[in-house]
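Student: Line by line, the protein sequences are chains A and B.
Residue 1 is where the first sequence starts when you use my numbering, and the numbers rise one by one after that.
Residue 1 is where the second sequence starts when you use my numbering, and the numbers rise one by one after that.
Some hints could be false.
[As the list claims (entries may be wrong)] Cut-off 20 Å, straight-line C-alpha distance, at most; resulting in silico cross-link-like pairs (SDA-like, lysine to any residue):
1) B:Lys205 to A:Pro78
2) A:Lys119 to B:Lys205
3) A:Lys60 to A:Glu75
4) A:Lys60 to B:Arg188
[Unchecked claim] To spell it out: a stretch of chain A is covered by chain B in this simulated footprint if at least three of its residues, at any positions, have a beta carbon under 8 Å from a beta carbon of chain B; those stretches are:
5) 85 to 96
6) 109 to 116
[What the hints assert, rightly or not] Which chain B residues face chain A? A few, computed with CB under 10 Å, are given here:
7) Arg127
8) Gly128
9) Phe192
10) Ile193
11) Glu194
12) Ala195
13) Lys197
14) Ala198
15) Ser199
16) Gly200
17) Lys205
18) Gly209
19) Pro213
20) Asn214
These aren't lab readings, by the way, just hints derived from the structure by calculation.
Source: prediction; values computed, not measured.
Glycine is no exception: its CB is placed at the ideal position from the N, C-alpha and C atoms.
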Amino acid sequence: MLEVKNLSTSFFTDDGEVKAVRDVSFQLNEGETLGVVGESGCGKSVTALSILGLVQRPGKIVGGQILFKNNDLVEADPEELRQIRGRDIAMIFQDPLSSLNPVLRVGYQINEAMKAHDKIAREDVSARSIKLLKQVRVPDADRRIQDFPHQFSGGMRQRAMIAMGLSNRPEILIADEPTTALDVTVQAQILELLRDLNQEMGTAIILITHNLGVVAGLCRRVIVMYAGRIVEEGTAEQIFESPQHPYTWSLLRSLPRVDSNRRERLRSIEGLPPDLIAPPPGCAFNPRCPFRIEKCFSEDPALALVGTDSQRAACWVTMDRAYKEMGAKDITDTRPGAASGVRPPKELADVVIDERTLEAAPEDQGELVGGS
Amino acid sequence: MATTVLPVTQEYAGGTLAREQVSLWRDGWRRLRRNRLALAAVVYLVFLVVLAVVALFWTPYKPNAFGSCETYATPSAAHPFGCDELGRDSLSRLMAGTQVSLLVGVGTAFIVLAIGVTLGLLAGYLRGWVDGVISLVINIFYGIPALLVALILYILMGPGLLTIMIAISATIWMDMARLVRGQTLSIREREFIEAAKASGARTGKILFGHIFPNAMGPIIVQATFVIPIAILTEAFLSFLGLGVPPPQADWGGMASEGLQAIRLVPHIVLAPSLALSVTLLAFNFFGDGLRDAFDPRQKR
Numbered sequence: 001m002l003e004v005k006n007l008s009t010s011f012f013t014d015d016g017e018v019k020a021v022r023d024v025s026f027q028l029n030e031g032e033t034l035g036v037v038g039e040s041g042c043g044k045s046v047t048a049l050s051i052l053g054l055v056q057r058p059g060k061i062v063g064g065q066i067l068f069k070n071n072d073l074v075e076a077d078p079e080e081l082r083q084i085r086g087r088d089i090a091m092i093f094q095d096p097l098s099s100l101n102p103v104l105r106v107g108y109q110i111n112e113a114m115k116a117h118d119k120i121a122r123e124d125v126s127a128r129s130i131k132l133l134k135q136v137r138v139p140d141a142d143r144r145i146q147d148f149p150h151q152f153s154g155g156m157r158q159r160a161m162i163a164m165g166l167s168n169r170p171e172i173l174i175a176d177e178p179t180t181a182l183d184v185t186v187q188a189q190i191l192e193l194l195r196d197l198n199q200e201m202g203t204a205i206i207l208i209t210h211n212l213g214v215v216a217g218l219c220r221r222v223i224v225m226y227a228g229r230i231v232e233e234g235t236a237e238q239i240f241e242s243p244q245h246p247y248t249w250s251l252l253r254s255l256p257r258v259d260s261n262r263r264e265r266l267r268s269i270e271g272l273p274p275d276l277i278a279p280p281p282g283c284a285f286n287p288r289c290p291f292r293i294e295k296c297f298s299e300d301p302a303l304a305l306v307g308t309d310s311q312r313a314a315c316w317v318t319m320d321r322a323y324k325e326m327g328a329k330d331i332t333d334t335r336p337g338a339a340s341g342v343r344p345p346k347e348l349a350d351v352v353i354d355e356r357t358l359e360a361a362p363e364d365q366g367e368l369v370g371g372s
Numbered sequence: 001m002a003t004t005v006l007p008v009t010q011e012y013a014g015g016t017l018a019r020e021q022v023s024l025w026r027d028g029w030r031r032l033r034r035n036r037l038a039l040a041a042v043v044y045l046v047f048l049v050v051l052a053v054v055a056l057f058w059t060p061y062k063p064n065a066f067g068s069c070e071t072y073a074t075p076s077a078a079h080p081f082g083c084d085e086l087g088r089d090s091l092s093r094l095m096a097g098t099q100v101s102l103l104v105g106v107g108t109a110f111i112v113l114a115i116g117v118t119l120g121l122l123a124g125y126l127r128g129w130v131d132g133v134i135s136l137v138i139n140i141f142y143g144i145p146a147l148l149v150a151l152i153l154y155i156l157m158g159p160g161l162l163t164i165m166i167a168i169s170a171t172i173w174m175d176m177a178r179l180v181r182g183q184t185l186s187i188r189e190r191e192f193i194e195a196a197k198a199s200g201a202r203t204g205k206i207l208f209g210h211i212f213p214n215a216m217g218p219i220i221v222q223a224t225f226v227i228p229i230a231i232l233t234e235a236f237l238s239f240l241g242l243g244v245p246p247p248q249a250d251w252g253g254m255a256s257e258g259l260q261a262i263r264l265v266p267h268i269v270l271a272p273s274l275a276l277s278v279t280l281l282a283f284n285f286f287g288d289g290l291r292d293a294f295d296p297r298q299k300r
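Based on the sequences and whatever the hints tell you, model everything.
Tutor: Following this line, the structure appears as structure tokens:
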């Protein structure tokens, strides 16, 4: 139903072109739940905004296609896009408080979402608002519909946002970090709600998050993004049970676990995501990857099938090989290059790699007291 | 910018603490009431409006009738403000003049609102060349002297209330446009605007349905300050003879007529002048009070 083909979106700043999304392709079928995972600034949200044509200046879609029912949204004119937004593809945002207009009543805002399109008959709008609020389990919906957003709790605001998103019976709901601003118990309720809505109404959901736990509970298929590209793609089981890209592997290892030793430090991923104005040559993850090999510094791997069917990863090494050849199973040292012992080539060292990476080379280990 | 950031955090605090719901208006009114000067101004202005309405149906004497009393009669029980050179009762004329002043003040405020809000919203929201053109027009209008506009319009349209209101609006709408533009520039960056766009809201709806209500406080305050400026300018134009045509009574015209005999019977000038001063003062106090009441930084 939705097919993103080679999408590239850049922001043209004074410092240069920030390539926020680079050559991203994926598909979404009817009624499917797709998780998009990655650190902050890896291009998840920009991908979502690109789909809706909401990328703001100085941002611009510089290439690719977004096919929605065989209609290219990149080429669509503003009015066409406006009609698709909210009616066919709806979106909910991270912070439900700032996503609701503070001076307008909640019910009014839900009504307006329907009145912006002619999908729902005008006379049904008010009744449907109440029904929607009930459906997203806002207690006392008949009365609360008259409230202002600040009278709602955080979870209720997000429910109201979801009600608004669903008001026109869209085929796709894009949820951009829908639970990040909420506390944990409410998070679970919202996720449960999204899952039920997906099953009952058949709305396809694209869930954007940095929280792998959230994805595990809701999504059948997962895309992992890093530095504006898709680095791995597969079903939730594949991603969680046999991640093939070292980045996915590191993300999973950085999750705190209840059964882990309390004294054990959480394993963070060393370093920061790369500068998207001048991404490092080769694989963008090479400055932080424990399993990097020489090839990673010269050539950028394409997304390719790995192991079982439908799982794809963009990596020269892949975790299967890392397990076999580098003993990744019981690796404790996750510093860049630690498992493979490969240092960046001399000519790149001072350009791309930060100081900590250089120190991580085996012969300098004495100085690494402060490292984790 | 800071003024628009603050309410968010405060509302957030209000939300999490489940504070009793207070709407913008009730909150503003509550704080306005605490300001005695502003409250006195409100009372006076209400009185003025009542006076103007009453004058529609009844005045002690016919405001334009000659010979209600002697020429230049001094104040007495029958004529509290005396009479002018044609023997017309000053109190009656003062009451009739109130209508003109209020009409010009409020009418101008509405014209200024319509122009300033629309252009400000467009410039701030669309930015780019639209903003460039509108800002240029604003700056050009700042350079045009008010009197020149009034004279040209007087010649083109003839004397009358509408001419005056348009002439005044043309010279003071820019402040409103600038204010709204600034508000829009900051409000457009807030997330609920993006959310509204994502739900398919039309541009007009975003401008007038989402941005405008959020800029309401400062806009109302600014509009309140437009009224006294308009009243004063109208009186000034009438004083110069460019205002409402005689025999219609108005404060500026009355002062102008009384000026010839100011040494002999100063009350003819004093009455409209005082009325004008007190009214301007009241509007300014009211505006100040409103500004304080709507200022989120003083939320108590």
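Student: Next, verify each hint and record whether it holds.
Tutor: Against the structure, the hints:
1. B:Lys205 to A:Pro78: holds, 15 Å
2. A:Lys119 to B:Lys205: Distance of about 18 Å is within 20 Å: holds.
3. A:Lys60 to A:Glu75: OK: Lys60 of chain A and Glu75 of chain A at ~12 Å, within 20 Å.
4. A:Lys60 to B:Arg188: holds, 19 Å
5. 85 to 96: With 8 residues in contact (Cβ-Cβ under 8 Å with chain B), the coverage given for the stretch 85 to 96 of chain A holds.
6. 109 to 116: It holds, with 3 qualifying residues against the three required.
7. Arg127: Status holds, d = 8 Å.
8. Gly128: At about 8 Å, which falls below the 10 Å cut-off, the nearest Cβ of chain A leaves the hint on Gly128 of chain B intact, so it holds.
9. Phe192: holds, 5 Å
10. Ile193: holds, 8 Å
11. Glu194: Check passed: Cβ of Glu194 of chain B comes within 7 Å of chain A, closer than 10 Å.
12. Ala195: holds, 4 Å
13. Lys197: Where the cut-off is 10 Å and the nearest Cβ of chain A is about 6 Å from Lys197 of chain B, the hint holds.
14. Ala198: Constraint on Ala198 of chain B satisfied, holds at 4 Å.
15. Ser199: holds, 4 Å
16. Gly200: holds, 3 Å
17. Lys205: holds, 7 Å
18. Gly209: With a minimum Cβ separation of about 7 Å from chain A (threshold 10 Å), the hint on Gly209 of chain B holds.
19. Pro213: With Cβ-Cβ at 5 Å, under 10 Å, it holds.
20. Asn214: At about 6 Å, which falls below the 10 Å cut-off, the nearest Cβ of chain A leaves the hint on Asn214 of chain B intact, so it holds.
In terms of the numbered hints stated before, the structure departs from none.
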